[in-house]
Amino acid sequence: MLKIEQISKVFNPGTVNEKVALNQLSLHLQPGDFVTVIGGNGAGKSTMLNCVSGLYSVDQGSILIDGVDVTALPEYKRAKYIGRVFQDPMMGTAATMQIEENLALAARRGKKRTLKVGITKQDREFYKEQLKILDLGLEERMTAKVGLLSGGQRQALTLLMATLQQPKILLLDEHTAALDPKTAAKVLEATQRIVEKNNLTTLMITHNMRDAITYGNRLIMMYNGRIVVDISGEKKKQLTVEQLLNLFSQASGSDEANDKLLLS
Amino acid sequence: MGSFINALPGALSQGLIWGIMAIGLYITYSILDLSDLTVDGSFCTGGAVCAMMLVGGYNVWVCLLVSFLAGMLAGFVTGIFHTKLGIPAILSGILTQLGLWSVNLAIMGMKANQALNVNNYDMLVSLRYLQDVAKGIRPIYQHPLITVGLFTAGIILVLYWFFGTELGSSIRATGANGHMARAQGINTNRNKMLGLMLANGLVALSGALLSQFQGFADINMGRGAIVIGLAAIIIGQVTFGKLFRNFALKLMSISLGAVIYYIVIQAVISFLDINSNYLKLISALIVAIFLAVPNLKLKSQKSGGKEKRNA
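First to last, the protein sequences are chains A and B. Under our numbering, read the first sequence as residues -3 to 260, first letter to last. Under our numbering, read the second sequence as residues 55 to 365, first letter to last.
Quick caveat, the hints were computed from the structure, so don't treat them as lab data. Mixed in with the good hints there might be a few duds.
Reference excerpt, derived from the structure (chain A facing chain B, CB under 7 Å, subset only) [said to hold, decoys possible]:
#, residue
1, Phe7
2, Met87
3, Gly88
4, Ala90
5, Met93
6, Arg104
7, Arg105
8, Gly106
9, Arg109
10, Gly114
11, Lys117
12, Ala180
Computed footprint of chain A on chain B; a stretch qualifies when at least three of its residues, placed anywhere within it, have a C-beta under 8 Å from a C-beta of chain A [said to hold, decoys possible]:
#, segment
13, 222 to 234
14, 254 to 260
Every residue gets a Cβ at the ideal spot worked out from N, C-alpha and C, and that includes glycine.
Could you put together the complete structure from these sequences and hints?
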């Protein structure tokens, strides 16, 4: 479903601040794969996601989504295939617009936007049904401005928006990191439910190793712009946090790595 | 007092005409969150095109349409500067505005102004119609307040419909949150372009109406337009913000904001007997006051809270 072939990305090339963010990275995802991504600060996790979403262009390599080469497509055109939830709860929704208006925008992702009325009666019924899945009572507040919602509610809404039009790939960039633990757990639960229900191919960055083990069928660990650990299936189910830390130390060749990974 | 009352209908009409410009500015300033300074130039473009075409014998509605299109073209140029060439929006607008100075002169045949004698052309609005209606020579519906009022209502209705459509909503999303818009597959650059064109089209339309109303187009007629537009938007928000939540009503409050602005200006002229060359200075002060009001209110609330806590 997603084919990342040998992509490289260098920030500020030729300056003292030169930073190789991605180094000949390759990753293939099968339809229905739910991959969790872990790694320390600066490992290139977010850069990888942002290269897939089109926020950054890659210096080398290619990215294919369901057989379509999207490497040269601008961000807004790739959006047709991709659903995204950001780390910052403010980023995924338009605060000054109503809940139903935000949903209407998302429902037309990848479609031509015409002079037809933005929200029809049927649309409204459909959004209502979808909002019920989140179990946050938002279906009763459809015309409320999104700016009035809490961070957790906004993330849940963004998640729903990302999947309202079934995406080929769902990209989750530490989407629960800015939430309190209880809300984070709720949003993760909703994520699991929605991914399973739609059988979505998903890439989820997390800094919580327990979550990385619990969720998904495959786990990758990044270090210095490369994938250094790739575990799936039964092996992944039996992983422990301790084993993960050991794997990370081996990969990075350093003992301090434990703290670095835990703290990041 | 007498002079103020006599001048009031004219001031109200003029305020309504500028209100259309302010509604255009609202599209870029509030909806798209762009500071577009093209308006000082495109307002005059609208006036110049309309005046020259009326002189050339065209129907007034054709003149208005072409003025609108000319304004859209100005917005298009600013849009190209901003979205294709990556120049900051505020600078793009200044560049277009500067260039338009020459263009506007060229439109008027390299003259600084073009007179429009109300007796020679069949115009939509004119200061003269105001007097004619008062004298009973013309039917009441030709009163500039009614003509421009209907015009404004029509524009508000069209905009209300447009910003509720799929395309219009995507323009609102572009201004509200560009990240989100792109993630939802919205071409934010194209939408900014559309917004700039629509806005400057309305601004030029307003300029076209003003040149008819005052009976001439002048190279300086757009100078300070952005300030008047901002004044109208802010006065509208400060005065009616709590009352009007609906989008159409919000647009109406802008139009009313422009009218209030002109009443204040007229009052200053009538009561203080000031040389009209000081008008720009007074305008700047009025706008500064209205811009400051929301902030000062906030401050007094904050300090009020402190006192309570101390007590």
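Examine the segment 222 to 234 of chain B: at least three residues should have C-beta closer than 8 Å to a C-beta of chain A.
With 9 residues close enough to chain A, the hint holds.
Ala180 of chain A was flagged as interface toward chain B. Is the shortest Cβ-Cβ separation under 7 Å?
With a closest approach of 21 Å, the Ala180 of chain A hint is violated.
Arg105 of chain A as an interface hint toward chain B, with CB separation required under 7 Å
Arg105 of chain A check passes; min Cβ-Cβ to chain B is 4 Å, inside 7 Å.
Let me know if the C-beta of Phe7 of chain A comes in closer than 7 Å to any C-beta of chain B, holds or violated.
violated, 19 Å
Let's test the interface hint: is any C-beta of chain B closer than 7 Å to that of Arg109 of chain A?
With a closest approach of 4 Å, the Arg109 of chain A hint holds.
Would the hint on Gly114 of chain A stand, with a C-beta cut-off of 7 Å toward chain B?
holds, 4 Å
Given Gly106 of chain A was flagged as interface, is its beta-carbon under 7 Å from a beta-carbon of chain B?
With Cβ-Cβ at 5 Å, under 7 Å, it holds.
Interface hint outcome for Arg104 of chain A [beta carbon to chain B under 7 Å]:
holds, 6 Å
Close enough to count: is the Cβ of Met87 of chain A nearer than 7 Å to one in chain B?
holds, 5 Å
How about Lys117 of chain A: closest beta carbon in chain B under 7 Å, or not?
violated, 14 Å
Apply the coverage criterion to the segment 254 to 260 of chain B and chain A: a residue qualifies when its Cβ sits closer than 8 Å to a Cβ of the chain, and three qualifying residues are needed.
violated (count 0)
Would the stated hint for Ala90 of chain A survive a check requiring a Cβ distance to chain B of less than 7 Å?
holds, 4 Å
Taken one by one, the earlier hints fail for this structure at numbers 1, 11, 12 and 14, listed in ascending order.
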